[in-house]
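With chain A fixed as given, assemble chain B onto it according to the hints.
Protein chains: 2
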Amino acid sequence: MPNKLGEFTVTPWEVKGEVDYDKLIREFGTTPITDELIERIAKFTGDVHPFLRRKIFFSHRDLNWILDRYEAGEKFFLYTGRGPSGHTHMGHLVPWIFTQYLQEKFGAELYFQMTDDEKFLHNSELSLDTTVGFTYENALDVIACGFDPEKTFIFSDIEYAKTIYDIAVKIAKHITFSTAKAVFGFENSTNIGMIFFPAIQAVPCFLPSVLKGKNVPCLIPAAIDQDPYWRGVAREVAPKLGFYKPAQIHSKFIPGLGQGGKMSASEPETAIFTVDPPELVHSKIMRSFTGGRSTIQEQREKGGIPEICPVYRYYEILLKDDKDVREVYCRCREGELLCGEDKLRLSEVVQTFLKEHQRKREEAKKTLEKFMVRD
Amino acid sequence: MPNKLGEFTVTPWEVKGEVDYDKLIREFGTTPITDELIERIAKFTGDVHPFLRRKIFFSHRDLNWILDRYEAGEKFFLYTGRGPSGHTHMGHLVPWIFTQYLQEKFGAELYFQMTDDEKFLHNSELSLDTTVGFTYENALDVIACGFDPEKTFIFSDIEYAKTIYDIAVKIAKHITFSTAKAVFGFENSTNIGMIFFPAIQAVPCFLPSVLKGKNVPCLIPAAIDQDPYWRGVAREVAPKLGFYKPAQIHSKFIPGLGQGGKMSASEPETAIFTVDPPELVHSKIMRSFTGGRSTIQEQREKGGIPEICPVYRYYEILLKDDKDVREVYCRCREGELLCGEDKLRLSEVVQTFLKEHQRKREEAKKTLEKFMVRD
Numbered sequence: 001m002p003n004k005l006g007e008f009t010v011t012p013w014e015v016k017g018e019v020d021y022d023k024l025i026r027e028f029g030t031t032p033i034t035d036e037l038i039e040r041i042a043k044f045t046g047d048v049h050p051f052l053r054r055k056i057f058f059s060h061r062d063l064n065w066i067l068d069r070y071e072a073g074e075k076f077f078l079y080t081g082r083g084p085s086g087h088t089h090m091g092h093l094v095p096w097i098f099t100q101y102l103q104e105k106f107g108a109e110l111y112f113q114m115t116d117d118e119k120f121l122h123n124s125e126l127s128l129d130t131t132v133g134f135t136y137e138n139a140l141d142v143i144a145c146g147f148d149p150e151k152t153f154i155f156s157d158i159e160y161a162k163t164i165y166d167i168a169v170k171i172a173k174h175i176t177f178s179t180a181k182a183v184f185g186f187e188n189s190t191n192i193g194m195i196f197f198p199a200i201q202a203v204p205c206f207l208p209s210v211l212k213g214k215n216v217p218c219l220i221p222a223a224i225d226q227d228p229y230w231r232g233v234a235r236e237v238a239p240k241l242g243f244y245k246p247a248q249i250h251s252k253f254i255p256g257l258g259q260g261g262k263m264s265a266s267e268p269e270t271a272i273f274t275v276d277p278p279e280l281v282h283s284k285i286m287r288s289f290t291g292g293r294s295t296i297q298e299q300r301e302k303g304g305i306p307e308i309c310p311v312y313r314y315y316e317i318l319l320k321d322d323k324d325v326r327e328v329y330c331r332c333r334e335g336e337l338l339c340g341e342d343k344l345r346l347s348e349v350v351q352t353f354l355k356e357h358q359r360k361r362e363e364a365k366k367t368l369e370k371f372m373v374r375d
Numbered sequence: 001m002p003n004k005l006g007e008f009t010v011t012p013w014e015v016k017g018e019v020d021y022d023k024l025i026r027e028f029g030t031t032p033i034t035d036e037l038i039e040r041i042a043k044f045t046g047d048v049h050p051f052l053r054r055k056i057f058f059s060h061r062d063l064n065w066i067l068d069r070y071e072a073g074e075k076f077f078l079y080t081g082r083g084p085s086g087h088t089h090m091g092h093l094v095p096w097i098f099t100q101y102l103q104e105k106f107g108a109e110l111y112f113q114m115t116d117d118e119k120f121l122h123n124s125e126l127s128l129d130t131t132v133g134f135t136y137e138n139a140l141d142v143i144a145c146g147f148d149p150e151k152t153f154i155f156s157d158i159e160y161a162k163t164i165y166d167i168a169v170k171i172a173k174h175i176t177f178s179t180a181k182a183v184f185g186f187e188n189s190t191n192i193g194m195i196f197f198p199a200i201q202a203v204p205c206f207l208p209s210v211l212k213g214k215n216v217p218c219l220i221p222a223a224i225d226q227d228p229y230w231r232g233v234a235r236e237v238a239p240k241l242g243f244y245k246p247a248q249i250h251s252k253f254i255p256g257l258g259q260g261g262k263m264s265a266s267e268p269e270t271a272i273f274t275v276d277p278p279e280l281v282h283s284k285i286m287r288s289f290t291g292g293r294s295t296i297q298e299q300r301e302k303g304g305i306p307e308i309c310p311v312y313r314y315y316e317i318l319l320k321d322d323k324d325v326r327e328v329y330c331r332c333r334e335g336e337l338l339c340g341e342d343k344l345r346l347s348e349v350v351q352t353f354l355k356e357h358q359r360k361r362e363e364a365k366k367t368l369e370k371f372m373v374r375d
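Protein chains in written order, with the numbering used here: chain A, 1 to 375; chain B, 1 to 375.
Only chain A is shown next, with the shape it has when bound in the complex (with noise of 0.2 Å):
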């Protein structure tokens, strides 16, 4: 059954409440991201990324097979997707920043799904050609991110249907209904379509090994609510088709500008858009909730708290020295930084990282082709 943990929800299609990784690696059964592995990771990179140090990739499977196999000489490639039902927002672009560090740590290839397809079947309002139209605005964001068009290949699954079908019935048939009714809790009213997608899903992590005629380990970065996806189906299925199972390594969930759960684009006020103009950034950010007081006085005695802070959160993604990480923080904490301030100055930090972002996405468009791969 989709995990509905007490306070919070956590499944493909919802996060709600104030989620406890804790007790979600216990129940999804991951293992955390310890400084011991991070040590191990840094051994290959030289460095610490800022979002493994934050923990904001925190839980994996089997990470420290990813890298015995890549110490033997055996390179793995990543996959990651994005359901591409309306624009790109600040919450999508993490693990894409993230994958594309390992990209060029590892130099690995990717393999990017858009489901354009699920998007489509789960949601009643969007046609087809809205979600397909949104993988090539999306894909635009993807390549803004940086990676390489000789090692990324991006893929619509409605596009690349040939490839991709084929492989999708060989999963399926080792998928009974009950495996997915219980991995995914469809019910007697959910389409056809929608119980077939999670073979759908899993073709990425063999596509590669089918390319190329032998077995590639695969490593999926991608926030923890995907999870399921990979426990229930591609890991299930993989011995059964002579695959290796696919590694994870999970992001937490980036919070929308309101209060609780993760940034969606069905709250369109509490989500930055990569297309938003400055102005528009400027009064979503100083319109969010934070982790402050009711009053200044109260603010100044107590101090805020930013464990529950969007705005701090913020400056935990887009902020590279951890210097200033920590005197947000404190700051904060001691009630010498007030909200305004803290909004203001975060409204800066991303809109130079907004401007920035949207000259690559503008240049992303002449190089788009190169990206796509089609049947």
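Think of the hints as simulated: they come from the structure by calculation, not from any bench.
None of the values given here were measured: they were computed from a predicted structure.
No false leads were slipped in.
Because identical chains share one entry, a pair is satisfied inside a single copy or across any pair of copies.
DMTMM-like mimics (lysine to aspartate or glutamate), calculated; alpha carbons at most 25 Å apart, straight line: (1) Lys-75 / Asp-47; (2) Lys-343 / Glu-298; (3) Lys-212 / Asp-129; (4) Lys-75 / Asp-35; (5) Lys-240 / Glu-125; (6) Lys-245 / Asp-129; (7) Lys-245 / Asp-166.
Frame of chain A; chain B shown alone:
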């Protein structure tokens, strides 16, 4: 639920027992083909095909509507198909022969679907390479029936998946698991590929409309066991997608050479395959079940029972002249014709038919590529 009709069973995967076709028409809710309708068809074709005269095609849905549209200047296309799990046998040829006649008389395009995906998903013994391989073997038999290469499009679900999957997800979005379960009797142990497959099988009903960008009426000639696909899926979904409901014309099952049931590749000793050499055909027919009596004396006295005799049924299919069929019937009934003589003659008729079919099948290897469409 699948139709288990007392003493006989008819589902898309199984036909068992002595089929009562009048009961089947009532249960499925189709319409019998009347003499009046045959006359109406003859106005367009200029003749009456033996399969109509002999009620081998006996039931329909919306055939008058298709003729109305044709009369109003709107051409229809034909859609039929084959599950390529093995070699073609003579039972398969019957709807194809009739479909070729309809193509010729109505100048209709034919979309011919090879469901290599379904046969792989349904049968644990078959690899996908095997079923795709039989797509090409079976296509030779289709072409040997004399279809027009300019108007005939044969495709493998696997190899034409790019075009098919796009349309299939649009269909699938409107089919809940409940509906699919009610129509096909899916169970918890059914794999998710089979659950999705009804959407794939419905695609060709709308494919020409999608390709041409306008609504084109569809007529499906097929054995009646395939009716659930069109009744439960294609005809339900058509209005939601803005397409015409497909019309149908249904054939009876072609019996095997054993007692009861339809000709089936799973009982190869009772099925005549198009690739069988003459000696094998001869020995299979000589061992056939018949409607004869246990002794020659009893046969002379009481006569045989052509109604239950596969040998007689084959004359109905293969002899052009009604007078010749009638003569076999009467001579058998009157005890004049003995089974040995009867089978010897059928063996000659079938061998003559197959010799010509095999010649055309060999020829078809040269034109195969003209008929196959891929993405």
